[in-house]
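J.: Chain by chain, the residues run as shown.
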Amino acid sequence: MAEIVLSHVKKTYGRGRRASTAVEDLTYTVADGDFVSLLGPSGCGKSTTLNMIAGLEDVTDGEILIDGRRVDDLDPDKRDLAFVFQDYALYPHMSVFENIAFGLRMRKVAKEEITQRVTDAAQRLNIDSVLGNRPRALSGGQRQRVALARAIARRPAVFLFDEPLSNLDALLRDRTRSELKILHADLGATSVYVTHDQEEAMTLSDRIAVMSKGHLEQYGTPEEIYRRPATEFVASFVGKPRMNLFTASRTEQGRYGLGDSGFTVDLAGVETDTIRVGLRPEECDVEVVDDKDTTAHGTVRVVEPLGGATDVLIDVSGELFMVRRPGFGGITPGQRVRISTSRATVHPFDPATGARLA
Amino acid sequence: MTRRTRRIIGMVVHRVLVVLLLVYLLAPFVWMVLFSIYPSQALQQLTPDLNPAQLTLSSYARLLGDPTFLRPMANSAMVGISTTIVCMVLGTWCAYAIARYRFRGRNVVLLGMLTVQAIPVIVLAVPLFILLRAFGMYDQLPGLVVTYTAFTLPLVVWMLVGFFADIPPSLERAAVIDGCNRFQIMTRIALPLATPGLAATAILAFINSWSDFFLAKVLTTTNATTLPVRTAAFQGLFAMDYTSAATAGVITALPVLLLALIAQKWIIRGLVEGAVKG
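Residue numbers (the working numbering), protein chains in the order written: chain F, 1 to 358; chain B, 1 to 278.
One or more hints might be untrue.
Away from chain B, derived, C-beta distances all over 10 angstroms, residues of chain F [unchecked claim]:
| id | residue |
| --- | --- |
| 1 | 19 |
| 2 | 224 |
| 3 | 287 |
| 4 | 336 |
Below 25 angstroms or equal to it, Euclidean Cα-Cα: the simulated SDA-like pairs (lysine to any residue) are [stated by the list, open to error]:
| id | chain 1 | residue 1 | chain 2 | residue 2 |
| --- | --- | --- | --- | --- |
| 5 | F | 111 | B | 169 |
| 6 | F | 240 | F | 174 |
| 7 | F | 78 | B | 169 |
| 8 | F | 181 | F | 41 |
| 9 | F | 240 | F | 295 |
| 10 | F | 78 | B | 173 |
| 11 | F | 108 | B | 186 |
| 12 | F | 292 | B | 183 |
| 13 | F | 78 | B | 242 |
| 14 | F | 78 | B | 186 |
| 15 | F | 108 | B | 182 |
| 16 | F | 111 | B | 187 |
| 17 | F | 108 | B | 183 |
| 18 | F | 108 | B | 188 |
| 19 | F | 78 | B | 179 |
| 20 | F | 108 | B | 191 |
Bear in mind the hints are in silico, worked out from the structure with no lab data behind them. Everything numeric in this text was worked out from a predicted model, so none of it was measured. Cβ atoms here follow ideal geometry from the backbone N, Cα and C, with glycine treated the same way.
The task is simple: from the sequences and hints, build the whole structure.
T.: Okay, here's the thing in structure tokens:
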């Protein structure tokens with residue numbers, strides 16, 4: 001078992017004036033046995049971070065410790081970790097059995113032990129019937145399982161996953177996601193999981209590290225990330241549908257309004273005149289009002305029924321505001337509505353830095 | 001004209017062109033094979049006499065029992081195999097390094113390989129002759145091997161770089177995680193996966209040196225003469241032994257033909273298929 005510590009980790013590519021920074025000043029700890037996701041859009045440095053933990057890429061500055069031991073000068077195979085690649089990276093010239101056994105053979109594990117471990121891993125992932133096949137004879141889902149079995153059979157202290165589900169179709173992805181969660185609960189090994197899918201990160205993780213442009217935006221539990229996003233970026237990236245974010249100006253002490261719509265939110269403890277305000281669509285509600293009612297906030301533009309809920313897009317002073325309400329709801333485009341935020345948490349952010357204000 | 005008829009016409013035109021191309025490519029060879037198995041007087045008339053009763057393999061027996069023919073044959077085989085081995089051993093390492101490492105001058109080296117191919121052999125023939133004589137390698141097999149390696153190696157490297165570059169890098173990263181060092185990645189992952197490419201390249205290298213005429217003619221006289229040079233010698237100043245020339249031609253072409261067929265099978269069989277994704 002292992003705890004992973006990143007301390008001021010930095011990665012730059014190139015030298016001199018052409019140098020570009022991929023990752024900057026990453027500092028956080030992945031606790032022993034935790035499942036941690038690195039979440040962010042493409043190019044945010046999450047894969048680079050994973051590769052540095054794995055030892056596939058060098059660390060430019062800072063240090064990485066696994067179980068208290070500094071590893072950033074160690075070769076990948078000395079770090080006691082397994083890696084599941086996005087494209088599975090199965091050896092096409094070896095059978096499934098040999099694919100799983102290869103890492104054990106390289107480590108000079110005894111023959112009977114190899115057979116034992118490969119069979120175990122294969123049974124656990126339901127691929128024991130295809131052990132003699134070549135990877136090209138397998139379906140995408142099976143290949144993905146072989147890649148997982150290869151990692152499990154090694155029995156490493158740390159599992160690293162690089163978007164392992166992104167090549168599966170939607171249905172298979174959901175199922176495999178649940179299986180991954182069960183697998184982690186069974187094995188209890190420290191896992192680091194790279195994904196750009198916030199839903200995957202939320203469902204699987206004990207903790208999430210949200211990254212953007214090489215920086216760590218927030219490191220916390222899924223609930224912390226969702227309930228108290230530390231920056232506007234986190235607020236906009238996590239949560240589906242996306243959080244409503246708009247610039248609001250102070251109308252009176254402790255009250256901020258969106259344009260001249262009459263739509264306001266109450267905020268205590270914030271002193272600036274202009275702020276960015278975030279409101280989750282599922283925490284707001286709408287109420288249809290009469291056409292002549294002057295207290296209306298906006299006009300309904302689009303109604304998107306999803307079955308269990310309906311997304312309503314409202315034009316508020318030229319900005320689109322989304323509200324998710326339960327059921328099919330009797331709302332039609334063109335209706336005038338009032339937005340109610342009595343249930344909602346108001347997330348205030350600094351317009352310049354994007355940092356959370358209160 | 002409906003789409004259906006247009007498609008049929010297109011197909012017919014395509015087939016006719018393919019047949020014409022085949023005739024154009026194969027006719028000389030077929031003619032040569034016929035000359036090697038029929039007495040030449042049977043063919044050298046207005047309507048060639050193709051009576052199967054006249055079929056004979058006597059010219060093959062004669063040539064394959066003739067020491068002045070067997071010697072060049074052995075020479076060609078020696079030179080071809082040696083050149084291929086040297087080129088593949090050196091070329092594999094060189095190509096792998098170029099394909100997988102980013103270093104200063106990488107592109108220059110790679111483009112250099114291609115540029116060398118553009119130098120006409122005839123420009124180098126006389127300097128090579130002088131060089132080899134100075135080194136005591138004129139009319140010696142090692143001299144030919146060195147010369148052919150110099151011409152073939154760049155081509156081999158150029159081809160192999162492509163084959164190595166086609167191997168998904170994630171496979172090698174997986175091997176690193178599994179505990180392979182650079183050498184093991186090469187021997188256990190890269191080489192097995194590049195086998196079709198290696199085979200095709202090796203065959204090309206062999207064909208290159210086996211069938212060379214010009215350099216062999218310039219750089220040898222009697223001792224190290226190769227098959228193509230010996231074959232051309234059947235053409236006398238006043239008379240020509242068509243049957244022997246054709247037979248020698250078939251014997252020279254046969255290994256090349258067989259190897260080309262094998263290479264084609266190797267190239268088509270994409271081993272890397274199924275390595276990644278779904």
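J.: Could you run down the list of hints and mark each one as holding or not?
T.: We went through each hint and held it up to the structure:
1. No Cβ of chain B approaches the Cβ of residue 19 of chain F within 10 angstroms, the least distance being about 15 angstroms, so the stated non-interface status holds.
2. The claim that residue 224 of chain F lies off the interface holds: its Cβ sits roughly 32 angstroms from the closest Cβ of chain B, which is beyond the 10 angstroms cut-off.
3. With a minimum CB-CB distance of about 48 angstroms to chain B, residue 287 of chain F clears the 10 angstroms threshold, and the non-interface call stands.
4. Under the 10 angstroms C-beta cut-off, the non-interface status given to residue 336 of chain F relative to chain B holds; the minimum distance is some 50 angstroms.
5. For the hint pairing residue 111 of chain F with residue 169 of chain B, the CA-to-CA distance comes to about 29 angstroms; that exceeds 25 angstroms, so the pair is violated.
6. Between residue 240 of chain F and residue 174 of chain F the alpha-carbon distance is near 16 angstroms, which keeps this suggested pair within the 25 angstroms criterion.
7. Taking the CA atoms of residue 78 of chain F and residue 169 of chain B, the gap is about 21 angstroms. The hint holds against a cut of 25 angstroms.
8. For the proposed pair residue 181 of chain F and residue 41 of chain F, the alpha carbon gap of about 23 angstroms is at most 25 angstroms, so the pair holds.
9. As the CA atoms of residue 240 of chain F and residue 295 of chain F are separated by approximately 29 angstroms, the hinted pair breaks the 25 angstroms bound.
10. Straight-line distance between C-alpha atoms of residue 78 of chain F and residue 173 of chain B comes to about 14 angstroms, which keeps the hinted pair within the 25 angstroms bound.
11. Of the pairs offered as hints, the one joining residue 108 of chain F and residue 186 of chain B holds, with about 19 angstroms between alpha carbons and a cut-off of 25 angstroms not exceeded.
12. For the proposed pair residue 292 of chain F and residue 183 of chain B, the alpha carbon gap of about 80 angstroms is over 25 angstroms, so the pair is violated.
13. Taking the CA atoms of residue 78 of chain F and residue 242 of chain B, the gap is about 70 angstroms. The hint is violated against a cut of 25 angstroms.
14. Proximity of residue 78 of chain F to residue 186 of chain B is assessed by CA-CA distance (about 20 angstroms); at most 25 angstroms being required, the pair is judged to hold.
15. Taking the CA atoms of residue 108 of chain F and residue 182 of chain B, the gap is near 18 angstroms; set against the 25 angstroms cutoff, the hint holds.
16. At most 25 angstroms may separate the alpha-carbon atoms for a hinted pair to count; residue 111 of chain F and residue 187 of chain B meet this at roughly 22 angstroms.
17. At roughly 17 angstroms between alpha-carbon atoms, residue 108 of chain F and residue 183 of chain B fall within 25 angstroms of each other, so this suggested pair holds.
18. Among the hinted pairs, residue 108 of chain F with residue 188 of chain B is consistent with the structure: their alpha-carbon atoms are about 15 angstroms apart, no more than 25 angstroms.
19. The suggested pairing of residue 78 of chain F with residue 179 of chain B holds, with an alpha-carbon distance near 8 angstroms, which does not exceed 25 angstroms.
20. A threshold of 25 angstroms between alpha carbons decides the hint, and for residue 108 of chain F with residue 191 of chain B the separation of about 22 angstroms falls inside it, so the pair holds.
Violation of the numbered hints given earlier is confined to hints 5, 9, 12 and 13; the remaining hints are satisfied by the structure.
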